[in-house]
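Engineer: If you read the sequences in order, they're chains A and B. The numbering of the first sequence is my numbering, which starts it at 1 and goes up by one. The numbering of the second sequence is my numbering, which starts it at 1 and goes up by one.
Hints in this document: simulated from the structure, not taken from any laboratory. Among the clues, some could well be false.
Pairs involving identical chains hold if they fit within one copy or between any two copies, as the list cannot separate such chains.
What the hints assert, rightly or not - The calculated DSS-like cross-link candidates involving lysine-lysine, where the alpha carbons are at most 30 Å apart (straight line), are:
| id | residue 1 | residue 2 |
| --- | --- | --- |
| 1 | Lys62 | Lys281 |
| 2 | Lys203 | Lys233 |
| 3 | Lys184 | Lys361 |
| 4 | Lys85 | Lys312 |
| 5 | Lys295 | Lys184 |
| 6 | Lys205 | Lys184 |
| 7 | Lys312 | Lys203 |
| 8 | Lys205 | Lys217 |
| 9 | Lys171 | Lys295 |
| 10 | Lys69 | Lys312 |
Here's the letter readout for the chains.
There are 2 protein chains.
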Amino acid sequence: MSAKLDSVGFNPEQYMHEVGVQARAASRLLNTADTAGKNAALLAAADAILAAEKTLIATNAKDLAAGEKQGLDAALLDRLALNPKRITGMAEGLQQVASLSDPVGEISDLAYRPSGIQVGRMRVPLGVIGIIYESRPNVTADAAALCLKSGNACILRGGSEALHSNLAIAKCMHQGLEAAGLPKTAVQVIEAADRQLVGLLLKMKQYVDVIVPRGGKSLIARITEESEIPVIKHLDGICHVYIDEQADLEMAINIAFNAKTHRYGVCNAMETLLVHSAVAKQVLPVLAERYRAEKVELRGCERSRAIVSDMKVATEEDWSTEYLAPVLSVKVVDDLQQAIDHIEMYGSHHTDTIVTENYQKARQFLREVDSSSVMVNASTRFSDGFEYGLGAEIGISTDKLHARGPVGLEGLTTQKFIVLGNGQVRI
Amino acid sequence: MSAKLDSVGFNPEQYMHEVGVQARAASRLLNTADTAGKNAALLAAADAILAAEKTLIATNAKDLAAGEKQGLDAALLDRLALNPKRITGMAEGLQQVASLSDPVGEISDLAYRPSGIQVGRMRVPLGVIGIIYESRPNVTADAAALCLKSGNACILRGGSEALHSNLAIAKCMHQGLEAAGLPKTAVQVIEAADRQLVGLLLKMKQYVDVIVPRGGKSLIARITEESEIPVIKHLDGICHVYIDEQADLEMAINIAFNAKTHRYGVCNAMETLLVHSAVAKQVLPVLAERYRAEKVELRGCERSRAIVSDMKVATEEDWSTEYLAPVLSVKVVDDLQQAIDHIEMYGSHHTDTIVTENYQKARQFLREVDSSSVMVNASTRFSDGFEYGLGAEIGISTDKLHARGPVGLEGLTTQKFIVLGNGQVRI
Numbered sequence: 001m002s003a004k005l006d007s008v009g010f011n012p013e014q015y016m017h018e019v020g021v022q023a024r025a026a027s028r029l030l031n032t033a034d035t036a037g038k039n040a041a042l043l044a045a046a047d048a049i050l051a052a053e054k055t056l057i058a059t060n061a062k063d064l065a066a067g068e069k070q071g072l073d074a075a076l077l078d079r080l081a082l083n084p085k086r087i088t089g090m091a092e093g094l095q096q097v098a099s100l101s102d103p104v105g106e107i108s109d110l111a112y113r114p115s116g117i118q119v120g121r122m123r124v125p126l127g128v129i130g131i132i133y134e135s136r137p138n139v140t141a142d143a144a145a146l147c148l149k150s151g152n153a154c155i156l157r158g159g160s161e162a163l164h165s166n167l168a169i170a171k172c173m174h175q176g177l178e179a180a181g182l183p184k185t186a187v188q189v190i191e192a193a194d195r196q197l198v199g200l201l202l203k204m205k206q207y208v209d210v211i212v213p214r215g216g217k218s219l220i221a222r223i224t225e226e227s228e229i230p231v232i233k234h235l236d237g238i239c240h241v242y243i244d245e246q247a248d249l250e251m252a253i254n255i256a257f258n259a260k261t262h263r264y265g266v267c268n269a270m271e272t273l274l275v276h277s278a279v280a281k282q283v284l285p286v287l288a289e290r291y292r293a294e295k296v297e298l299r300g301c302e303r304s305r306a307i308v309s310d311m312k313v314a315t316e317e318d319w320s321t322e323y324l325a326p327v328l329s330v331k332v333v334d335d336l337q338q339a340i341d342h343i344e345m346y347g348s349h350h351t352d353t354i355v356t357e358n359y360q361k362a363r364q365f366l367r368e369v370d371s372s373s374v375m376v377n378a379s380t381r382f383s384d385g386f387e388y389g390l391g392a393e394i395g396i397s398t399d400k401l402h403a404r405g406p407v408g409l410e411g412l413t414t415q416k417f418i419v420l421g422n423g424q425v426r427i
Numbered sequence: 001m002s003a004k005l006d007s008v009g010f011n012p013e014q015y016m017h018e019v020g021v022q023a024r025a026a027s028r029l030l031n032t033a034d035t036a037g038k039n040a041a042l043l044a045a046a047d048a049i050l051a052a053e054k055t056l057i058a059t060n061a062k063d064l065a066a067g068e069k070q071g072l073d074a075a076l077l078d079r080l081a082l083n084p085k086r087i088t089g090m091a092e093g094l095q096q097v098a099s100l101s102d103p104v105g106e107i108s109d110l111a112y113r114p115s116g117i118q119v120g121r122m123r124v125p126l127g128v129i130g131i132i133y134e135s136r137p138n139v140t141a142d143a144a145a146l147c148l149k150s151g152n153a154c155i156l157r158g159g160s161e162a163l164h165s166n167l168a169i170a171k172c173m174h175q176g177l178e179a180a181g182l183p184k185t186a187v188q189v190i191e192a193a194d195r196q197l198v199g200l201l202l203k204m205k206q207y208v209d210v211i212v213p214r215g216g217k218s219l220i221a222r223i224t225e226e227s228e229i230p231v232i233k234h235l236d237g238i239c240h241v242y243i244d245e246q247a248d249l250e251m252a253i254n255i256a257f258n259a260k261t262h263r264y265g266v267c268n269a270m271e272t273l274l275v276h277s278a279v280a281k282q283v284l285p286v287l288a289e290r291y292r293a294e295k296v297e298l299r300g301c302e303r304s305r306a307i308v309s310d311m312k313v314a315t316e317e318d319w320s321t322e323y324l325a326p327v328l329s330v331k332v333v334d335d336l337q338q339a340i341d342h343i344e345m346y347g348s349h350h351t352d353t354i355v356t357e358n359y360q361k362a363r364q365f366l367r368e369v370d371s372s373s374v375m376v377n378a379s380t381r382f383s384d385g386f387e388y389g390l391g392a393e394i395g396i397s398t399d400k401l402h403a404r405g406p407v408g409l410e411g412l413t414t415q416k417f418i419v420l421g422n423g424q425v426r427i
């Protein structure tokens, strides 16, 4: 445990105030740091992580031992564990972020106005980003890298069970920052497990510009509720595939199969399949057989069950459930409008796909479905920062304001207006 | 007063719930409304406003009489008043918004990814916008027009003193919507003066996507404090002009004079003048004389007062005061860094200008000053949606997230990802 927590005189307010002041000061230096400097810091931090492999594993072992003693379950311990492969993965992540182009300072839309001034927008860092996450210690490196590259200082608050691991990773980040002449305070890990500190962080409006929670639903809900600072968050992923009557049925079956079975515990997996009544009899038996082979449990509406009799009955609750598991709800609909209405009513505005060969329906689906990602003839599993070419993502936002969908470097920046004149005044 | 408020059975929760449900339903229709339909509604509403001139003035007279009786001050009554010129202005505002290009559906950055999918972004409405404003009834037409053109339903809550005027204007908007076959519920004015209704509106997260308050500081502070919905807001405008040692001094004097004296009560007026010590002796006496002729009160630092002896003493508080009046604080600084540090410490991140002929300093100022508008050689008074070419503005945001600076149609929209494939699945 950190000295600061153990010491008798530890004052949480004072400690967090200092963290905030240092972050704000670091953010001013980062805003003006050049691309080469930020990349040098990232690459040096990657080297430091690789060089520290033994130390990281030894430190992580302490967290794991304490976790076992506390009775953490196997899944949690697995997420907490660092091994050579995960350590190499972290270093590669840093190198990859270094290779991304720098969004800061990018000027767009610069154009002359009738008054003679030129008006444009310049992309700039948000300032200070607070990241609150759970057990995976690699988030320490991943999130810090994205913040650094986008010119933001960050305050990181991981799970208490990963504190030693997170501090050891932060030390490597600090080595990278120092090697590049950037302030260590650009990446600060809150050094005490005291839960009160999260509450304080969420109220530091004067120091923190945005909070990004990463973890389970309950964590995100709690932070959103409590935060006085804007939150970029990810809630449910209740994703749909709609198979239109004019779909290429082989394609439709492949997409529906992939969207459900490629991975189960992810937010962009399909949870509900909608099938046009004109093709349901052709599509559902084939799909049911493929799902059965993967042990996917099907829960259908009455019309689906009339076609595939061994489906369970889907209840009203199923339509708004994110299973994150080999379970799928299935509904037969009579037209595109019914499909869109269902998605609007029960979906979570995350990712929805239509499979169709019809130009007009594809266009309507793209326009009318109000989700962060809307697709035609592709698996919902593509809803991802890497697949979208953002390079890396800090998360997928289900908010509408600021950032929607996968959030990469650009989502950690904002745009200010710039005006270039040669003496213009308002008349 | 509205029937709903007077009736014994008026249930505020039930009323606001109905308003919310109707707004959400209208927003779905508006999202898919075509540009021609929205423009037709705006033009028909403009015609309805012009045709209703006499009714509007008569209705407004009731609000004015009630206001006088209540003892509203002259400035408030002036803002509340409608006259033929203001009514024509409202109609022209609607016509102007109709002439702006429609941001909804705009697709950008559509590009192929290695997987074969095409990924791009489509601009879409936010959904439902709540506008809370004070006495000017013309905001009813202006704000409704911007929301409508950007495909959003709006819930308008004006000052209780303007309720009859606002309802009469909304009636004209409804005529326009009906003429174009769009739902009247796209523009709803809260029909009761009950203050409790604002509190309810600010908690309707399920129906309202963003709140835009327009009015004085105390209104905005209260709404920001109370709202559970994201707020696009405007706080202080403590704007600076920095005259560099390498400025064209005649230009510098003209800009500093214009930025202060063009209008006093506006957020983009200069409140603090910063002058490089090397040119202060040349610049300040000339400027002081011009300001004196306009009866602008000067409050200077010691070094400024050593040059212009009749300046008052600027206190620490002056540097962070938005005068909105013919008052100006003046400070002599030794270099660009001191100027930037002052702006960072005391400014409100609204609009700041450097006057310089030096390329490197202009570049540094543009990059390092963290304000919503940063200018070189132009008056701060240009910080305005019309001057920036946004066509019209719903306000100037001093927030960093989502919209920063003047907020036009684009600020009332968001972007979703669209993916076009031909059967791609994740491997």
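Engineer: Decide, hint by hint, whether the structure agrees.
Structural biologist: These are the hints, each one checked on the structure:
1. Lys62 - Lys281: This pair counts as neither: shortest intra-copy Cα distance 57 Å, inter-copy 67 Å.
2. Lys203 - Lys233: both (17 Å within a copy, 19 Å between copies)
3. Lys184 - Lys361: The answer is between: 28 Å across copies meets 30 Å, while 53 Å in one copy does not.
4. Lys85 - Lys312: neither (41 Å within a copy, 68 Å between copies)
5. Lys295 - Lys184: Answer is neither; intra-copy 50 Å and inter-copy 50 Å both fail.
6. Lys205 - Lys184: within (22 Å within a copy, 39 Å between copies)
7. Lys312 - Lys203: neither (47 Å within a copy, 39 Å between copies)
8. Lys205 - Lys217: both (24 Å within a copy, 18 Å between copies)
9. Lys171 - Lys295: Classified as neither; 45 Å inside a copy, 59 Å across copies.
10. Lys69 - Lys312: Answer is neither: 41 Å inside a copy and 69 Å across each miss the 30 Å cutoff.
The structure fails hints 1, 4, 5, 7, 9 and 10 (numbered hints given earlier, in ascending order).
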